[in-house]
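Enquirer: Sequence:
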Amino acid sequence: MEHLHDNNRHNNRWLPPESELEEKFILTGGPGGQHVNRTETGVQLRFDVSASSFLTPDHKARLLDLAGRRADSSGVIMIEARSSRSQYRNREQARIRLAELIEKASKPPRKRLKTRPTRAAKKKRLRAKRHRAGLKQKRGKPGLDE
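Under my numbering, the first residue of the sequence shown is numbered 1, with each subsequent residue one higher.
Take every hint as true, because none was put in to throw you off.
Here are the computed lysine-lysine pairs in the BS3-like style, where the Cα-Cα straight-line distance is at most 30 Å:
(1) Lys104 to Lys24
(2) Lys60 to Lys24
(3) Lys141 to Lys124
(4) Lys129 to Lys141
(5) Lys114 to Lys60
(6) Lys138 to Lys123
(7) Lys114 to Lys104
(8) Lys111 to Lys60
(9) Lys123 to Lys136
(10) Lys114 to Lys129
(11) Lys124 to Lys138
(12) Lys122 to Lys138
(13) Lys114 to Lys124
(14) Lys111 to Lys123
(15) Lys136 to Lys124
(16) Lys136 to Lys122
(17) Lys60 to Lys104
(18) Lys111 to Lys122
(19) Lys107 to Lys60
Just so you know, the hints here were simulated from the structure itself, not pulled from any lab data.
Just need the whole structure built from these sequences, with the hints factored in.
Expert: Here it is in structure tokens:
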């Protein structure tokens with residue numbers, strides 16, 4: 001289990017300031033008995049990308065694309081963590097996931113290099129076309145010379 005206060009390469013650097021994060025605690029199911037039914041150990045972490053001063057406009061656009069259905073139409077990303085029985089660990093998990101998402105969005109997509117089919121691939125394709133054409137030619141009605 002990663003901890004937020006460890007010196008991991010992505011955690012602290014890519015985590016937005018606490019003032020830009022909003023937490024809501026929710027009930028979770030799963031193991032834990034009565035404790036889990038009575039305490040709000042799950043975490044919903046919200047980050048308003050559109051209002052953030054932490055990110056550049058390009059970074060924001062990539063982040064919202066990457067977030068997919070975790071982002072709503074107003075540009076708020078919501079990450080839920082409810083796998084642990086501990087609220088502290090769920091809070092950490094949500095922050096780690098947000099930091100990883102932001103880090104992933106920080107890298108611009110690589111440019112695609114144009115590629116062309118190899119000579120062998122072209123020959124193979126043409127050979128297959130000729131073969132297929134020959135099969136189709138044989139399907140026709142017999143002519144006078146046959």
